[in-house]
Amino acid sequence: MVEKVKKRSAKAGLPPGSLVHVGAKMVAESRVRILDYDEGSVREKTKAALEECIPFRDTDSVTWIDIEGLQNIALLERLGSTYGLHPLILEDILNTDQRPKSDDMDSYIYIVLKMLDFDPATLEIVSEQVSIVFGRNYVISLQEGREGDLFEPLRERIRTGKGRIRKLGPDYLAYSLLDTIIDHYFLILEKFAERIEMLEEELVSNPTTETLQQIHRLKREMIFLRKSAWPLREVVNALEKSESELIRPATKIFLRDIYDHAVHIIDSIETYREMLSSMLDIYLSSVSNRMNQVMKVLTIIATIFMPLTFLAGIYGMNFKHMPEIGWLWSYPLLWLVMLAIAGIMLFFFKKKNWL
Amino acid sequence: MVEKVKKRSAKAGLPPGSLVHVGAKMVAESRVRILDYDEGSVREKTKAALEECIPFRDTDSVTWIDIEGLQNIALLERLGSTYGLHPLILEDILNTDQRPKSDDMDSYIYIVLKMLDFDPATLEIVSEQVSIVFGRNYVISLQEGREGDLFEPLRERIRTGKGRIRKLGPDYLAYSLLDTIIDHYFLILEKFAERIEMLEEELVSNPTTETLQQIHRLKREMIFLRKSAWPLREVVNALEKSESELIRPATKIFLRDIYDHAVHIIDSIETYREMLSSMLDIYLSSVSNRMNQVMKVLTIIATIFMPLTFLAGIYGMNFKHMPEIGWLWSYPLLWLVMLAIAGIMLFFFKKKNWL
Amino acid sequence: MVEKVKKRSAKAGLPPGSLVHVGAKMVAESRVRILDYDEGSVREKTKAALEECIPFRDTDSVTWIDIEGLQNIALLERLGSTYGLHPLILEDILNTDQRPKSDDMDSYIYIVLKMLDFDPATLEIVSEQVSIVFGRNYVISLQEGREGDLFEPLRERIRTGKGRIRKLGPDYLAYSLLDTIIDHYFLILEKFAERIEMLEEELVSNPTTETLQQIHRLKREMIFLRKSAWPLREVVNALEKSESELIRPATKIFLRDIYDHAVHIIDSIETYREMLSSMLDIYLSSVSNRMNQVMKVLTIIATIFMPLTFLAGIYGMNFKHMPEIGWLWSYPLLWLVMLAIAGIMLFFFKKKNWL
Amino acid sequence: MVEKVKKRSAKAGLPPGSLVHVGAKMVAESRVRILDYDEGSVREKTKAALEECIPFRDTDSVTWIDIEGLQNIALLERLGSTYGLHPLILEDILNTDQRPKSDDMDSYIYIVLKMLDFDPATLEIVSEQVSIVFGRNYVISLQEGREGDLFEPLRERIRTGKGRIRKLGPDYLAYSLLDTIIDHYFLILEKFAERIEMLEEELVSNPTTETLQQIHRLKREMIFLRKSAWPLREVVNALEKSESELIRPATKIFLRDIYDHAVHIIDSIETYREMLSSMLDIYLSSVSNRMNQVMKVLTIIATIFMPLTFLAGIYGMNFKHMPEIGWLWSYPLLWLVMLAIAGIMLFFFKKKNWL
Amino acid sequence: MVEKVKKRSAKAGLPPGSLVHVGAKMVAESRVRILDYDEGSVREKTKAALEECIPFRDTDSVTWIDIEGLQNIALLERLGSTYGLHPLILEDILNTDQRPKSDDMDSYIYIVLKMLDFDPATLEIVSEQVSIVFGRNYVISLQEGREGDLFEPLRERIRTGKGRIRKLGPDYLAYSLLDTIIDHYFLILEKFAERIEMLEEELVSNPTTETLQQIHRLKREMIFLRKSAWPLREVVNALEKSESELIRPATKIFLRDIYDHAVHIIDSIETYREMLSSMLDIYLSSVSNRMNQVMKVLTIIATIFMPLTFLAGIYGMNFKHMPEIGWLWSYPLLWLVMLAIAGIMLFFFKKKNWL
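Protein chains in written order, with the numbering used here: chain U, 1 to 355; chain P, 1 to 355; chain F, 1 to 355; chain C, 1 to 355; chain H, 1 to 355.
What the hints contain is simulated information worked out from the structure, not anything from laboratory work.
Check each hint, because a few of them may be wrong.
Identical chains blur together in the list; that is why a pair holds if it fits in one copy or across any two.
[As the list claims (entries may be wrong)] In silico DSS-like pairs for lysine-lysine, Cα to Cα no more than 30 angstroms straight-line:
(1) Lys252 / Lys162
(2) Lys320 / Lys45
(3) Lys101 / Lys219
(4) Lys241 / Lys191
(5) Lys25 / Lys191
(6) Lys227 / Lys191
(7) Lys219 / Lys296
(8) Lys101 / Lys25
(9) Lys162 / Lys25
(10) Lys25 / Lys47
(11) Lys167 / Lys241
(12) Lys320 / Lys241
(13) Lys252 / Lys101
(14) Lys191 / Lys45
(15) Lys227 / Lys101
(16) Lys350 / Lys191
(17) Lys296 / Lys352
(18) Lys47 / Lys350
(19) Lys296 / Lys350
(20) Lys191 / Lys219
(21) Lys227 / Lys162
(22) Lys352 / Lys45
(23) Lys252 / Lys241
(24) Lys162 / Lys45
For reference, chain U alone in the conformation it holds in the complex:
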C-alpha cells in the first residue's frame, strides 16, 4: 500500500486524461480474449487482436472482452475509440491505485475494484485492480495480469450454457464478475480467521515477541483489507440504486445479494479488528503478568536474604569486644535466628498472597 502511492507522482503536471500506466508490468504482453455469446451459440477467441471484436459491436449477442496486462497503451486507446470511452475512464483504468468506485456514464457503466488474493509464499495479501466496463451488448474486463485466472469457472459456465448466464444480458455478466471477485474476499477472510485462531492458541500457551509481531502484521493487513473492502458497499449500492437502463430489474435482486455479501465482509473485518485489538491487550497484560511474576520472586529472595546477610556481616566484624563471638552456642543460635527470620518472612508473604 505504501508503494502504491509512490507511483502517482509520475503523472503530476500532466493534463488530465493523459494515458500513463501507473503500476507494475505483470505480464510480458497484454492478452485479449473475446467471448461472444447469445442463448444459442458461443464464439471464443483467445490471444485475439482487439479488432476482432468489431464485428460483434453492433450485434445483439453479448461480447465479453477480457484484457490482461495494462501496459499496452495503444491497445487501450483503440479500445477507447472503438467503444467510445471517456479519456478520464481510460486514465482511471491505467492508474492501478484507484479507490473502488462505479461511474454511470449513460451509455456504459464503469466499475473499478480490487481483486484480492493470498500469496502462499509470503503469507501476504496481493491485490490486483480490475476494471469492468459494460454497455448495451458488451462487457470489458481489464486486469493487471497477476497469475491465476479467477474468471475461468465463469467462462466455463458460459461455454457449457450452465445456469441462467447465457439467457441474460451484459449486466448479469458484469454482476457475475463482481460476484466472483467478492466471493474471493471470503477466502481471504478465512485465511485471516485461521491465522487469528492459531494466534489465539499461541497467546494462551506460549506468547512470545513473535506473537506480538504477528498480531501487528495482521492488524496492518487488516487496515489494507479494510481500505479495499469499505468502498465495495458503496459501489454495489450505487449499482443497485442506479436508474440506468443498462441494469435490468431482474439483475437488481442479484446485486442486492452481493450487497449483503459486501456488508457481511465489512462486518467480519470490523469484528476481526476488534478481536486483534483484544488479543493485543491480552498479550500485553500476559507479558506484564509474567514480568511481575519474575519480579516477585526477586523481591521475595532479596527481601529474605538481606537481613540474613546483614546479620552475617555483623558477626564478621573485627571488634575486640564482642561478647557473642566467644559464646559456645552463639553460632548455632544465629542459624536458628536466621531460619526463624526467613520462616516468618515467608509466612508473612504467603499470608499477603504475594507468593
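Position chains P, F, C and H against the provided structure of chain U, taking the given hints into account.
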C-alpha cells in the same frame, strides 16, 4: 464465529443460486411440521411429508410449515417450487452464515436472523440461524435444528386458541416468531449480567489471572452477540416501515414493540461492553497497584539494610590500624547507630507516605 | 441496572400483551389520586377508587389520575378499558425496565421515562419508571411508588391556580410533569459535580486506591445515567415535532424549552464522562510518578552503597599478602575514598537530574 | 463549569417561566445604555432608565439597548412587557447556565451564547453569557456584566458612521455583535496556541510533573471551550438558514462568513485536543524512558558489583584451610580477575546495546 | 499551524470586510501575470499592471490573472472594483488562515484551499493559501508567493494549445488549477509513505528515542495535513453539485474525477494515521520488552548471587566456636555447594522459561 466464515469457501466459484448446505448437520433427518389454522379450527401434522401442505396452499387458513434441519436439499427445492421462492432466497436459507436481514419479494417476505441460546455445559452462546418466509396465507420457518424447541409455547397458544393469534393472519404469526426469538436475547443478556456481577465481586475481593481471562472471554462473546443483535434493529424497522400489503396495519404496532426491544437489547450490549472495558481498567490498575505494593516493601527493606550492611562490612575489614576496633563500647555503640539509621529511615518513609 | 435485565425472563414465552408486573413492589397498595380542574374550579380525591374518575371522562375539564404502585394488575386492566388503552401500552407500563420513549396512539400519547433520585444513604442514583398517558381531556401518570412525591408542588400550583396551568389543557399538564422530572436530572448532575470536585481535590492532595474506586464508581453511575438521559432528547423531540392534535401549538414552545434542557443534560453528562476519564489518567500517572519517585530513591541508595560495600568487602579478605592492610593511614584514606565515590555519584545523579 | 450546574437547583419545583437570576452578581447595579441611530443621526443615552427607550419603539430608526448586570428582575420584567418577550425567553436570559442556541419567535429572534475572555491573573478562561434579542427595529443585548466592554469599538463605529453599519438594519447590528464575540474566540485560541507551544518546548527540554499538570489543565479548559464553541455552529447556521423576515438576504452573506469562523474555531479546538493528547503520550513515554534509563544504570552497576562483592566475601571467610589465602600473588591476581569480570560484563552490555 | 492562529488577533475589533493582510510577506512585490486566450490565440503579459486586464474584461476570450504576493492591498482593492468582488471575499483572500471552502456568489465562484509543498531543508510541510475566483470569462488565482511555480506546466499547455484546455471555458481552467494543486497532495503523501517505510524498518532493526520523536512528528504533521485535506472533499463536492451556470456540464465529469482524488487522499491520510498509531504501539511494546529483558538479567544475576554472598558472609563471621571453619575439606565443599545452588537456580529459571 471464526469457524463460521470458513464454511463459505466450499461455494466459491459456483454460480449464484447454487444450493449447497453451508453449516453443520444438526439433526439426523430434516423434520417437517405443518400447522394449519383459522379462527375456528386447527389441523396439525408432525413428521409430515412436505407435499401434505399443498392442499392448504390455496385455502384462506394460515399454514405454518416448520422445518428443522437444512441438509435435505431436495426438500428445499420442492418447497421453493411449491411456494415460488427465488433461488437466491433458497441459497440464503441454506447458507447458515447469513447476516440478519429482511427482503421484501413482493409476493412474500423473507427474514433471516440468529436464534441465540446459552449452552449450560460450555457456558458459551450457541447460535442457530432461523429463516422465516411468509406470504398471503402461509408462514415457513426454517431452523438448523439445534436441540430444544423455542416455538412450542407458540404452537400451544395456537392449539388452544389463547390470545389473538388465531384471529390474525400470517404476518402476526411471523411477528410472534420474531418476538419469541428476540425475547430469548434477554435471557442471554441476563446470563451476561449475572456473570458480570460475579466478576465484579471477584474483582473487588480477589482478582486473579483467571478473572482477566474471564473478562476477555466475556468481551469476545459480547463482540459476537453484538454482531447478531445490531442488524435486528434494521430488520424490524424495515418490516415496520414496509409498504408491503402482506403486513397489516394492526401488526405494525406489534412490530414497533419488538423494535423497542431490539433497541433495548443493543443499548444493554453497549452498556455491558462499556462496563467490561471499565472492569478491565480496574483489573489492570489493581494488579499494578498490588505489584507496586510488593515493590515498595522491597524498596523499604533494601534501602534500610544497605547502609547497615555497609557499616558491618567496614568493621569486618582487616586493617591493622583501625582505632574503633579496639574500643570497649564501639560494638554496642555501632548497634545504636544502626538502630538510629533504621529508625530515621522508617520515619522518613512514613513521613513521605511511602509505607 | 444489572438487576433490571434479570426480571424480564419471567415473561419469556408469554403472548405479547400479557400483563405481568416486572419490577419490585414498592408500596403496600396501589394509590390512586384524582385531580379534576378547569379554569374555575378544582376537584381532588386522594386514595380514590379508580371508578371515581368515570364521571369526569366525558366532561371538558382536565382530569389528572395519578397512580402510585403498579402491582395491582386488575386496577390497570380497568384503567385500560376505561380509557381504551392498547394492551401493549399496558404491558409497557408494567414492565419497569422500559427504555424511555413516546408513542403516538392517535387518541392518546404515551410517554415513558425514568425519574431519577439520589439515595442519600447509599450515595447511589435510584430510578423509578414514570409512564404518562394523555388524551383529549385527561392525563394519567403512573409511578412505581418510590418514596417522596416530586409532583406535589405541581398539584399545589393547580390547587392555588398559580401560573397558567389551570388555563391550559392536558398537554400542558403532561409537559409540566415532564419538566418536573427533567429538572430533577439537574439535581443529580449537581451531586455528580460536587463529588467530581471533591475527587479532583483529593487527586491533587492525596490520591489513594479509594480515589480510584470512587472514580470508577462515578464512571459506572455515569454509564447508567447516560442510558436514561440519552433517549430523553428523542422523546421530547418526537413530541415537539408531533403532528398530533393533542399537542397545541402554544405547548410546543414549552416542549422546545425542555428539549434544550435535555440537550444540556446530555452535554453535561458527556463533559463529566470526559472529565472522569481525564481524572483517571491523572490518577494513573500520578500513582506511577510516585512509584517512580520511590524507585529512584532505591536506585540512588543502592547505586551509592554497592561500590562502597564492595570496597569494605575487599579489605575484609584474609589474604596473607595485602600490603594496604598494614599501612598506617589506609583506613582513614579508604574512608576518604568512599566519601569521594559517594560524592561523585551524588553529583553525577544531580547533574543528570535524577534527584 | 462544575459550579455552573449547581445554581440551577434553586429553581427546581418552580413553574416554568419563573424569573430567578441564576448566576453570580457581577456589577453593583444593572446598567442600561440606549443607542438609537439611522443613516443620518445617532442618539445615545448611558446609564439610562429603561423607559427612555419607549419613544424609539415605534420609529424606524434602529434602537440598541445594552444591559449589563442581570440581577434587576423588575427591569427585565418591564423590558419583557415593553417588547412583548415570552416569559420563557426572559427565564433563559436570567439563567446564565444556558447552552448556546437561537430561537425564532416570529416577531423577534433570540440568540444566547458565551462570551469568552482570558483572565490574566489566574490564566483561566472566564465566560459570560450574552443574550441578544432583535426585532423589526431594535436590538437588545444583555450581558452578565463582567468587567471590560467588548462592544465599545462597535459603538464607536456607529457613532462615527464608519462602515456600512449605519445604513443597515438591526439584523446587521445583531450580526456585528455576534462577529465581535466570535472574533474573541480567536484570541482565546491564540493564548492556547502560545501555551501549547511553550509546553511543547518544555516537553522536549525538561518535562516535569508540572508539565503533566499543565497538559491536563489545558485539556480540561479545552473540554470547557469546546462545550461553548460546538453549539455556535448550529446557532449561526440556524440564523443563516432561517426564513424569518427579520434577517435580510444581504445580511446572510455576513452570517455565512461567521459560520466559516465558527467551523474554523471548532476545527482548531479539535486539532488542539489531538495535539494535547499526543503531547500527553510524549510526556508519558519520555517519563518512562527516563525511568528506564535510571533503572538501566542500576541494573548495570548492580550486575557488575554483585559477583565482585561475592568474590570479596569468599576471601573474607575464615576457613583454616584455604590455600589461596597464603599465596603471595593471590591478592593482586584477584584484583585482576575482578577487573576482567567487570570489563567482560561492560563489553557484554555494550554489545547488547544496554548502555 | 500554531503560528497561523496568532495572526488573526491583529484584526479583532475591526469592522467585517476590513482589508488587512494576515500572513507573512513572502515576495518583495506583488506580481501580476495576465494570460488571455481563446481557441485561436494567446496573449500573455508578465509583470503586468493590473489595469492591463481591463480590455479583456468584456471580450469572450478567457482571461487568467495570476497574482503572487498579497501584501499590496491597493492592488486587491482595484481588483475587487474591476471584477465586482464582495468585500468579504477580498477579506478572505487576504486572511491566509482560511479553512478551505467554496462560495457561489452568483456572478462568480470563490474557492480557497491550501497548496502544500515539502520543504527539503527542514523536512516539513509548508503550505500556501491559494484563492481562485472565476466568472463568465475570467479566472483570478491569488497565491501568497512562496517560491516555486506549480502552475507553469499549465501555462505551457495553454501556450502550446496542447490538450483540450484552449477549447474550454474558465470553469475548465479553474478545474485545472484545482487538479494541479490536489495532484501535489499525492507528492506529499509519497514523502510520508517513504518516511513511514523508513521508520518501520528502524522500528524492527533498532528503535531509539529518536524513532519515537519521528513518529510523533509525523503524527503532528498528519494532523495538520488532515486539517487541510478534509475540507477538500466538501469543496469539490459543492462545485460538482453546484447549480451555477458558470460550471458547464462537461466540466462536472472532471470535477467528479478530482472528487475521487480528494476521497483517495483522505483515505490515505486516515490509513497512515492508523499505521502511525500502530507503530507507536509497536515502539512502546518493543521498548518495554527490551527493558523487561534487561530487568530479567538483573533478576537472574541478583537471585543467584544473593544466597552465595550470604553463605560467604556466614563463614566470614568471627565466632570462636564454628566447627566447619577448622575442617580440612569445608572450603572446597562450600564451593561445590555454591556451584550446586547456582546450577539448581539456573535450571529452575530455565524450566520456568525466564531465561
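These are the hints, each one checked on the structure:
For a Cα distance limit of 30 angstroms, the shortest separation of Lys252 from Lys162 inside one copy, 21 angstroms, qualifies, whereas the shortest one across copies, 43 angstroms, does not. Taking the closest pair of Cα atoms, Lys320 and Lys45 never come within 30 angstroms of each other, the shortest separation being 111 angstroms inside a single copy and 102 angstroms across copies. Proximity of Lys101 and Lys219 under a CA criterion of 30 angstroms is satisfied in both settings, with 25 angstroms inside one chain copy and 29 angstroms between copies. In this assembly of identical chains, the alpha carbons of Lys241 and Lys191 never lie at most 30 angstroms apart, being 32 angstroms within a copy and 39 angstroms across copies at closest.
Proximity of Lys25 and Lys191 under a CA criterion of 30 angstroms is satisfied in both settings, with 27 angstroms inside one chain copy and 23 angstroms between copies. For a Cα distance limit of 30 angstroms, the shortest separation of Lys227 from Lys191 qualifies both inside one copy, at 18 angstroms, and across copies, at 20 angstroms. With identical chains, the CA atoms of Lys219 and Lys296 are at most 30 angstroms apart between copies only, with a shortest distance of 29 angstroms across copies and 33 angstroms within one. Taking identical chains as interchangeable, the C-alpha atoms of Lys101 and Lys25 lie at most 30 angstroms apart only when both belong to the same chain, with a minimum of 23 angstroms there against 40 angstroms between chains.
Within a single copy, Lys162 and Lys25 get their C-alpha atoms only as close as 35 angstroms, which misses the 30 angstroms cut-off; across copies the closest is 28 angstroms, which meets it. In the homo-oligomer, the alpha carbons of Lys25 and Lys47 lie at most 30 angstroms apart inside one protomer (18 angstroms), although the nearest pairing across protomers, at 46 angstroms, exceeds that limit. With identical chains, the CA atoms of Lys167 and Lys241 are at most 30 angstroms apart within one copy only, with a shortest distance of 23 angstroms there and 35 angstroms across copies. Proximity of Lys320 to Lys241 under the C-alpha cut-off of 30 angstroms is found in neither arrangement, the shortest distances being 103 angstroms within a copy and 99 angstroms between copies.
For the homomeric pair Lys252 and Lys101, the shortest alpha-carbon distances inside one copy (18 angstroms) and between copies (17 angstroms) are both at most 30 angstroms. With identical chains, the CA atoms of Lys191 and Lys45 are never at most 30 angstroms apart, being 36 angstroms at best within one copy and 45 angstroms at best between copies. For a Cα distance limit of 30 angstroms, the shortest separation of Lys227 from Lys101 qualifies both inside one copy, at 12 angstroms, and across copies, at 25 angstroms. For the identical chains of this complex, Lys350 and Lys191 are neighbours neither inside a copy (47 angstroms) nor across copies (35 angstroms), given an alpha-carbon limit of 30 angstroms.
Taking the closest pair of Cα atoms, Lys296 and Lys352 come within 30 angstroms of each other both inside a single copy (12 angstroms) and across two copies (14 angstroms). Taking CA atoms no more than 30 angstroms apart as the test, Lys47 paired with Lys350 passes in neither setting, with 80 angstroms inside one copy and 63 angstroms between copies. Taking the shortest Cα distances, Lys296 and Lys350 sit within 30 angstroms of each other both inside one copy (12 angstroms) and across copies (17 angstroms). Taking identical chains as interchangeable, the C-alpha atoms of Lys191 and Lys219 lie at most 30 angstroms apart whether they share a chain (14 angstroms) or sit on different chains (23 angstroms).
Within a single copy, Lys227 and Lys162 get their C-alpha atoms no closer than 35 angstroms, and across copies no closer than 36 angstroms, so neither meets the 30 angstroms cut-off. Proximity of Lys352 and Lys45 under a CA criterion of 30 angstroms is satisfied in neither setting, with 82 angstroms inside one chain copy and 64 angstroms between copies. In this assembly of identical chains, the alpha carbons of Lys252 and Lys241 lie at most 30 angstroms apart whether taken from the same copy (8 angstroms) or from different copies (21 angstroms). With identical chains, the CA atoms of Lys162 and Lys45 are at most 30 angstroms apart within one copy only, with a shortest distance of 20 angstroms there and 38 angstroms across copies.
Hint violations for this structure: numbers 2, 4, 12, 14, 16, 18, 21, 22, all remaining hints satisfied.
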